[in-house]
Amino acid sequence: MNPKKILPCAISAITLFWPQLSNAQEAATLPAVKVEGQVQAEPSPSAPVDGYKASSTFSATKTGTPVVETQQSISVITRDRIEDQGALTLQDTLGYTAGVSAGSYGFDNRGDWAFIRGTSFVQYQDGLKQLFGFYNNVRPDPFTLERVEVVKGPSSVLYGQGGFGGLVNMVSKRPQREQAGEVGVQLGEYGRKQLALDLSGPLNEEGTLLYRMIALTRDSDTQVNFVPDDRDLFAPAITWRPNADTSLTAYLNVQRDVSGSSVGFFPIIGTRFEGPNGRIPTDTFISEPGFDLYLAKQTSYGLEFDHRLNDVFTFNQKVKQSDSAVSYNSIYSSFNRGTVGRPTINSDGRTINRVAISQYNVADSFTSDSQLQANWTNGAFENTTIVGIDFQRVALGGAQSVGGSAEPIDYLNPVYGDFVAPTQRDLAGTLQRQTGIYAQHQLKYDKRWLSTVGVRRDWAKSETDNAPASNLDTSTNTYKASLGYITDFGAMPYYSYSESFLPIGGLDFFGNPFKPQQAEQQEMGVKYETPDGKSLFTAAVYEIKENNRRVADPAEANNQIQVGEAESKGVELEANHRLSPTVDILAAYAYTSAKVTRHSTPNSQGKRLATVPKQTLSLWGRQKFSMLGLPGWQWGAGLRFIDESWDGVDNVRTPSVTLLDAMLSYETGDWRYAVNATNLANREYVSTCLSRGDCFYGVERNVVFSANYRF
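Read in numbering that gives the first Met the number 0, the sequence shown has 527 at position 528, and its numbers run on one by one without any break.
Keep in mind the hints are simulated off the structure, nothing from the lab. Worth double-checking, as some hints may not be accurate.
[Said to hold, decoys possible] Calculated pairs, DSSO-like style, for lysine-lysine (alpha carbon to alpha carbon, straight line, at most 30 Å):
#, residue 1, residue 2
1, K514, K446
2, K172, K317
3, K544, K514
4, K317, K460
5, K544, K568
6, K544, K606
7, K296, K460
8, K172, K192
All values derive from a computational prediction rather than experimental measurement.
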């Protein structure tokens, strides 16, 4: 057996058999076993939270587990924090989280980009996978979210394929028992105008029918010329609670986003380094007005069912159907110039070669997760066991570009219109299915010892029309185990082991199927919650090893082989501290070493993974002025330091940057007024550069005024 797996196996054995062994040793004195419900109910892991600190979480264990007792790293971004920091996108909500590098590709309206522990994250909403593939869905709006939970490290035991570095689970706003409403207006830079509505409450006198209705409309430009950021959204939900044991929620989300090419894939010379005429301006648009488009539409609907069968067993099920489509027309820097195959500024020092594309991407997904949970005690042992089955069916398709061309453009004085729009042809459809069965057991002994073990079996299948070589049919087991101990003064040191996998379709040059890409993590950490429950401090060290990476075959130009390995290891520190009744502090630091450890090309070994900063540091503070005789006023300020990163082959370094954010708000009666500014000093910076030759500009200063009426 692999020595690194001995400890996880030992933890599993202890967790499963410790209660029985203990009973055997004390058979002469212990009374008959009594099975009963949990001794203490924890706050709902999806309920609204007052302040910056959440007590419990769903995402890490799929049960309502206290954050301080979860034996792995997890960060929870609450609704109050989202509002105070003025987050306009999902990636904005992640900016003050340890181990997360948010906005890695700068200002890009096509998606939310972030790296967790050196790898891109998997996006979930309400426990179900949200994104499949690229450029075929809308971006979630923070106004619809109650909280955002970041689970760090491999998570396949509970969630299936993907997520080597971690996952982000967005928790949606749901119907509430108390009647409440909110109308909000935003005005900001780039002509931003937004109107939002949020209503919730009972539909009948008995309170068995609850509703929530969220609507939003926005008209806005962006920091790039000719690129809008418009949105229309409608998200109603109804909950039926006939009694305290049963709940059924039905929800709908309809969203339409209109944007364009905020990314031009500009060359390194002209962005990271000055070109013949300095740097390319950040607002430069090298696509074509009238042709350029990024139109995303989504309609999703689903059910969430919970039923407590008795004092021990609870059944819950989630199902969701989502249909989305993106029309994507763009003209950007050509990667086909010369033999180097990378974008460049032409010899005249002013023009850039361009390429035109026109795509139509669709995704039709059905996801479900059903589980049975048992909460029971056995003497000094408190147990939570879940067994479940989840399923994903995803149909991907659309159309791709045929033909089309665009003449070089003068980026200093662009003149538009010299292009031929591409036509489209249908893409071969791809059907993906995954079924997973999983089991997890959480044990708490004598209010001190904590342990979690889990196992999962997955079956994954992918079929592409008229392309049997790219089909996939595989199955994999994954495991996790952890152990923690609550000390006399309330700290919990812990150790955890977890695994992830990612199926890879297709065959190599010799007709052999690729093996699933796999990762395993070991993590040690400590968590401490103050006795009043208002502050949480965490520290963790980890090592993630990724196997079966596909790399170029040095002996066959048209082949890829699976000899690649990567390693990510680091340290994370996080503090969520209530310094006083009027002052809150958030602090986060991460050191990440992410490198290629094995490659078919020897000089590629040891290279740092692209776009991953070695260090990140953030600090956010909020102070209320009530102690100074100014009730209703509060201000906040934040600092984000993002260390240098590399292009993937250690040739081009992206410099570090420090960004400042600020907030000022005033509440009077039912009204709240606020001004939020991100990148307050308006630092012009490059967020990352890649070895293929292009760079991405970071997000410029954005000031937004908001007025919200709550009733």
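These are the hints, each one checked on the structure:
For a cut-off of 30 Å, the pair hint linking K514 to K446 is broken: about 43 Å separates their Cα positions. Between K172 and K317 the CA atoms are separated by roughly 16 Å; this keeps the pair inside 30 Å, and the hint holds. Straight-line distance between C-alpha atoms of K544 and K514 comes to about 16 Å, which keeps the hinted pair within the 30 Å bound. Proximity of K317 to K460 is assessed by CA-CA distance (about 22 Å); at most 30 Å being required, the pair is judged to hold.
Note on K544 and K568: the hinted pairing holds, with a Cα-Cα distance of about 9 Å set against a maximum of 30 Å. Distance hint between K544 and K606 is fulfilled; the C-alpha atoms sit about 15 Å from each other, no more than 30 Å. For the suggested pair K296 and K460, the alpha carbons sit about 27 Å apart, so the restraint of at most 30 Å is met. Of the pairs offered as hints, the one joining K172 and K192 holds, with about 23 Å between alpha carbons and a cut-off of 30 Å not exceeded.
Violation of the numbered hints given earlier is confined to hint 1; every other hint is satisfied by the structure.
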